[in-house]
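J.: Order-wise, the sequence lines are chains W and L.
Under the numbering used here, the first residue of the first sequence is numbered 1, with each subsequent residue one higher.
Under the numbering used here, the first residue of the second sequence is numbered 1001, with each subsequent residue one higher.
Worth flagging that the hints you see were computed from the coordinates, not collected in a lab.
Note that this is a predicted model, so its numbers are computed, not measured.
Using N, Cα and C, we set each Cβ at its ideal position, and we do this for glycine too.
Any given hint could turn out to be false.
[Said to hold, decoys possible] Some, not all, of what chain L presents toward chain W, calculated at C-beta under 8 Å: (1) Arg1176; (2) Ala1300; (3) Val1314; (4) Ser1315.
[Claimed, not checked] Computed, partial: chain L to chain W, Cβ under 8 Å: (5) Leu1175; (6) Val1177; (7) Phe1313.
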Amino acid sequence: MHGLSFDIAHLLAGGLVLTSFMLLYQDRLYALLNVFALQAFVLFLSVAWQAYAQGAPHLYVTAAIALVLKAIVIPGALHRIVARLGIHREVETIGGIGLTMLAGIGLVALSMVVILRATPAAAPLAREDLALSLSVVLLGLLMMVTRRNAVSQVVGFMSMENGLILAGTGAQGMPLVVEISIAFSVLIAFIVIGIFLFQIRERFDTVDSRVLDTFRGERS
Amino acid sequence: MVLIADLAVQGTEMLLVLCLAPLLTGFVRKVKAHLLRRRGPSLIQPYRDLLRLLRKEVVLADNASWLFCAIPYLIFAATWVAASLVPTFATGLLFSWSADLIAITALLGSARFFLALAGLDAGTSFGGIGASREMMVATLAEPAMLMIVFTLALLAGSTQLSNLAGFMLSPQIGLRVSLGLALVALLMVALAENGRIPIDNPATHLELTMVHEAMVLEYSGRHLALIELAASLKLLLTLSLIVCVFIPWGLSPAGSGVAERFIGIAVYLLKLVLGGFLLALFETSIAKMRVFRVPQFLGAALMLGLLGTLLLFVSRSL
Chain W
1 MHGLSFDIAH
11 LLAGGLVLTS
21 FMLLYQDRLY
31 ALLNVFALQA
41 FVLFLSVAWQ
51 AYAQGAPHLY
61 VTAAIALVLK
71 AIVIPGALHR
81 IVARLGIHRE
91 VETIGGIGLT
101 MLAGIGLVAL
111 SMVVILRATP
121 AAAPLAREDL
131 ALSLSVVLLG
141 LLMMVTRRNA
151 VSQVVGFMSM
161 ENGLILAGTG
171 AQGMPLVVEI
181 SIAFSVLIAF
191 IVIGIFLFQI
201 RERFDTVDSR
211 VLDTFRGERS
Chain L
1001 MVLIADLAVQ
1011 GTEMLLVLCL
1021 APLLTGFVRK
1031 VKAHLLRRRG
1041 PSLIQPYRDL
1051 LRLLRKEVVL
1061 ADNASWLFCA
1071 IPYLIFAATW
1081 VAASLVPTFA
1091 TGLLFSWSAD
1101 LIAITALLGS
1111 ARFFLALAGL
1121 DAGTSFGGIG
1131 ASREMMVATL
1141 AEPAMLMIVF
1151 TLALLAGSTQ
1161 LSNLAGFMLS
1171 PQIGLRVSLG
1181 LALVALLMVA
1191 LAENGRIPID
1201 NPATHLELTM
1211 VHEAMVLEYS
1221 GRHLALIELA
1231 ASLKLLLTLS
1241 LIVCVFIPWG
1251 LSPAGSGVAE
1261 RFIGIAVYLL
1271 KLVLGGFLLA
1281 LFETSIAKMR
1291 VFRVPQFLGA
1301 ALMLGLLGTL
1311 LLFVSRSL
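Next comes chain L alone, as it looks inside the complex (with noise of 0.2 Å):
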């Protein structure tokens, strides 16, 4: 019976965050649509887009390999699963054990790694271009993930989802300089990861700037579907993972009752849509970066990961 109960709460956590993305990035279209004084897509255009495509024709390459028409899957794949295991309205799901940061991070990375790939296998520049980009961001973005894994891991004793939003719940917290900067290093590699709008720009087509589109320019039909919906998974992803380790109030623990359980996804769609209206109003209010100057961006971030391990190693060891 408890099994059952649980295997449901995971179910549900998994539907949810798959019903979810496109709502947010549709959210934050919209609210940055307003910022700019444009009306903007309706809420539920990102939606209808996925289904249109789903009904359309894919047009392959000739030269496209097999490896081309397989990686959607494998992107979907991998998001999703990583999506599904980050607690985001409870703690304590049938998959939290596997729940580990580290492994969250290894998803993403081979998500991205078969994106380059079907970037390149095509044979075009701008996948050739895009994909050398994507790597680019990577080998900075990845290391800068992994010393911000470090400081939490090293603060809370535990790479695990769950046990970290606990020990952040919990009052032995206190006041810890190297928190601040594991979170602003987390916001600098999430946009990065998200190729959102210092790094690149989500909404261009523009030759010169762009990275993902450059990739996913061959793809049409059901397989861009899918990648569109894995990128909305992602950032949906990366906003539950930062709501969930910085601010868990609101989390229902395990064993909790249906009531506690509707209490904590109102309290998360209320964390997401202040996260989104908070990115769509950073994204206005600032320009993207030239290529060249993104390693000094995510520099800084492994900087400042680092400088929170050192910070707290100094703070333990007296």
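Next up, chain W with everything else stripped away, as it sits in the complex (with noise of 0.2 Å):
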């Protein structure tokens, strides 16, 4: 009923969100940063794909930064990072990783029935894209919301901002000056975020955000 282009774009889009299962499946920080690299590869590959198929040149820049800059700089940084935090065994889940498993399958469901119903009048290709690219955003929330390491959160945010570059490229007609500026500001945000590590490492020698809620004076 449809080409070997959507089925293979619509391969590449759902591998995305079979690697945001992954990441939140892991239980170990190493293999999370490992999966999240994995991740990156594999939005790199959609979004060639998609530059292939849309003829739409400037989308193999977004692929190219995707490469780089999540697959390759980001995962580095963050395996030194938790090399020199020294916490690279642990990883809690509030709730046990079945419950988070269930509730991303409702996540997946609630994004498709929504933008499935939302577009009707759309490509089929960004429809899909879209419905696809909602899940893996909203994935990464509930990864930020289920982990209590600090980064740990990172890694949801990031897989998030992953699922927003999808939906992007998706929307034909998206200008590469904002692929651009996504692209630093996420640098910007993950420089601010590692210094953050740090200080909340050395006032609280940990980085469980827990801590934080009891200092501030709630309960938890």
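Using the hints, build the complex out of the two chains.
T.: Following this line, the structure appears as structure tokens:
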């Protein structure tokens, strides 16, 4: 019913959602970072395929940014941060992995229902990309909510941004300036977060974000 | 005449699975031994074991009920029927109309239920542990299996294995992420169903870890032989199922001649050798997981199946 082009785009976008679930499943920090790099690589493939399928050469730049920045630079830097903080053995989850997975499935179903109802007029490729990218965004948010370790929260944030890029490439006609500024802001955010991590660590001797709540006087 | 030919092919199929099952088990053991640089028992050792067990006397526990004696036959029958429903080397067999994925899952599920009952029946503590663990695995593996069935049925529009294999061979299949997810989930469920290494070790008699062995600890003689044969059949069945759905090339279609049937058998044997080798390779390269880690493993399989269904739903509704 659809061409091969649609099938490959679907495969890659589906792979992105799958890697989001793999992120939720991991409970070791190094494995988490490796999966995050894998997700960025899948994003690179997906964006590059969109560039080819839509005939939009500027998307190749987006793909290259995703590959260099997300798949190589940021995971590498996070590896170094984790090694320097000496926290490579711990990840805690709230409510256990099974419940998180179920919540994630619910979010994917929700985003599909919402997007497919909301965009009946758009092109199939764009609709499908939007549905899957919204699920990646929601899964990233879920990751930020369920994890207590600050480093995994950063990974959740970054994977959320991967979903945004997928949405941006699916919607035809997003200018390159926007892409580059998003990539740049992510890098800045990453640097700020990196500094914060060390500050939190220096102040509280841990990167568990529960400690921040108790410090502010909230009951946890 | 056509009926007789069909009957002959179906009969060949049923005998073939029965005769090949211990050989497959022996082959996997042999390859595993070789990978560990041991010589290992000979390929036909499982047949020898079965023959010896058949000759031996049955020892029954004092407080075992009639159910305990009946269950090995029930398990063996259910598994054999399920195994002979799967199209191994030919599609369009006489019983193909009933070769439904849900029916096969149900047959295996009832065999598992009876085995758990037998574990509880003799009243030993090991049997109880084994039965409760087996049921824990089952409650997670069967929903995952059903999600896989849903994914395949949504794609092919049928749960019958012959139609499914035909659909996989047709060019309209395309490139589907859901199929990949279903394959991975099916592999995980298959490992759990057969009690292979990350879930359960088929070669262990260590109290803390055994699941399947704990349930059949009280059996002896011909009962044990039947249960062992049923376990081998189940392994063959699962492998044939995966092969039939995901690599259906070489299946001889309905109404083909004798030569094509033989080619089908040869291709099937080749696939079994490949599958058995991969299984042995996987088992030697991974450690067994803790029992309480199993729900996560199977939860991931369930999640993959669900995700496959959801993604399929998106691409179909566009």
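J.: Would you mind marking each hint as holding or not holding in the structure?
T.: Hints and how they fare:
Satisfaction of the interface hint for arginine 1176 of chain L is found here, the shortest Cβ-Cβ separation to chain W being roughly 7 Å, below the 8 Å cut-off. Proximity of alanine 1300 of chain L to chain W holds as hinted, the smallest CB-CB distance being about 6 Å (cut-off 8 Å). Because the smallest distance between the Cβ of valine 1314 of chain L and any Cβ of chain W comes to about 5 Å, under 8 Å, the interface hint for this residue holds. Given the 8 Å rule on beta carbons, the hint for serine 1315 of chain L holds: about 5 Å separates it from the nearest Cβ of chain W.
Annotation: interface hint on leucine 1175 of chain L holds; nearest CB of chain W at approximately 4 Å, less than 8 Å. Hint status for valine 1177 of chain L relative to chain W: holds, with the closest Cβ pair at about 4 Å, below 8 Å. Hint status for phenylalanine 1313 of chain L relative to chain W: holds, with the closest Cβ pair at about 7 Å, below 8 Å.
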